[in-house]
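J.: Here are the chains, one letter per residue:
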Amino acid sequence: AQTVTQSQPEMSVQEAETVTLSCTYDTSENNYYLFWYKQPPSRQMILVIRQEAYKQQNATENRFSVNFQKAAKSFSLKISDSQLGDTAMYFCAFMRTTSGTYKYIFGTGTRLKVLA
Amino acid sequence: EPEVTQTPSHQVTQMGQEVILRCVPISNHLYFYWYRQILGQKVEFLVSFYNNEISEKSEIFDDQFSVERPDGSNFTLKIRSTKLEDSAMYFCASSVQGANEQFFGPGTRLTVL
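Line order of the protein sequences matches chains H and R.
Each residue of the first sequence is one higher than the last, beginning at 1 in the numbering used here.
Each residue of the second sequence is one higher than the last, beginning at 1001 in the numbering used here.
Certain hints may be false.
Below 30 Å or equal to it, Euclidean Cα-Cα: the simulated DSBU-like pairs (lysine-lysine) are [unchecked claim]:
| no. | chain 1 | residue 1 | chain 2 | residue 2 |
| --- | --- | --- | --- | --- |
| 1 | H | LYS70 | R | LYS1057 |
| 2 | R | LYS1083 | H | LYS78 |
| 3 | R | LYS1083 | R | LYS1057 |
| 4 | H | LYS70 | R | LYS1042 |
| 5 | R | LYS1057 | R | LYS1042 |
| 6 | R | LYS1042 | H | LYS73 |
| 7 | H | LYS73 | R | LYS1057 |
| 8 | H | LYS113 | R | LYS1042 |
| 9 | R | LYS1057 | R | LYS1078 |
Keep in mind the hints are simulated off the structure, nothing from the lab.
All values derive from a computational prediction rather than experimental measurement.
The shape of chain H in the complex, shown without the other chains (with noise of 0.2 Å):
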């Protein structure tokens, strides 16, 4: 069974510098898509980027970029210039693809705090 791991319950940074939440994951699957959401206090989840296991190229999107590492099984976020919208909750997610299901698994979370 696969499992995702998030070992920081809690981070917080300085407006405009640069934080890393950390993600780790155990699969034996070899084809799998990585996510981060977030969730700020409305509680709606929020893709903010996905990482296909297959790309050894590491995902961004604009001020979000992974650290993909395939063989570590480790996938962390780093969120640079941060911003007080920033605050929020973040889950990593795993997806397996080599099924007919495709559900999410998910960590348990790093709640985010953006300090002014």
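Got chain H sorted already, so can you dock chain R onto it with the hints?
T.: Frame of chain H, contents of chain R only:
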């Protein structure tokens, strides 16, 4: 931009009552999901649905739960006899294909008294 919608946003019910949570997935999406999040905890998979049948369900999704796509646009989650521990945020999600990112609705907060 198309989005997943859910109603109601908040449902309060008495223990033992039946509730139906409603979702309207994005119109060209084919895969549908329900997740739940107990306050302060992680998001957990409940059930996935494709081609008018359940494709996978978790151990949480027992006989008290059922899903239905009654009219080609709505996707519902029914809890037949609610328990206190069913109090949670319930998220509906959909994806255009299976191996693709899922788009989440805003959630329904269920409170069982």
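J.: If a hint holds in the structure, say so; if it doesn't, say that too.
T.: Against the structure, the hints:
{"no.": "1", "hint": "H:LYS70 - R:LYS1057", "result": "28 Å, holds"}
{"no.": "2", "hint": "R:LYS1083 - H:LYS78", "result": "40 Å, violated"}
{"no.": "3", "hint": "R:LYS1083 - R:LYS1057", "result": "19 Å, holds"}
{"no.": "4", "hint": "H:LYS70 - R:LYS1042", "result": "24 Å, holds"}
{"no.": "5", "hint": "R:LYS1057 - R:LYS1042", "result": "17 Å, holds"}
{"no.": "6", "hint": "R:LYS1042 - H:LYS73", "result": "20 Å, holds"}
{"no.": "7", "hint": "H:LYS73 - R:LYS1057", "result": "26 Å, holds"}
{"no.": "8", "hint": "H:LYS113 - R:LYS1042", "result": "18 Å, holds"}
{"no.": "9", "hint": "R:LYS1057 - R:LYS1078", "result": "14 Å, holds"}
Against the hints set out earlier in the document, a violation occurs for number 2 only.
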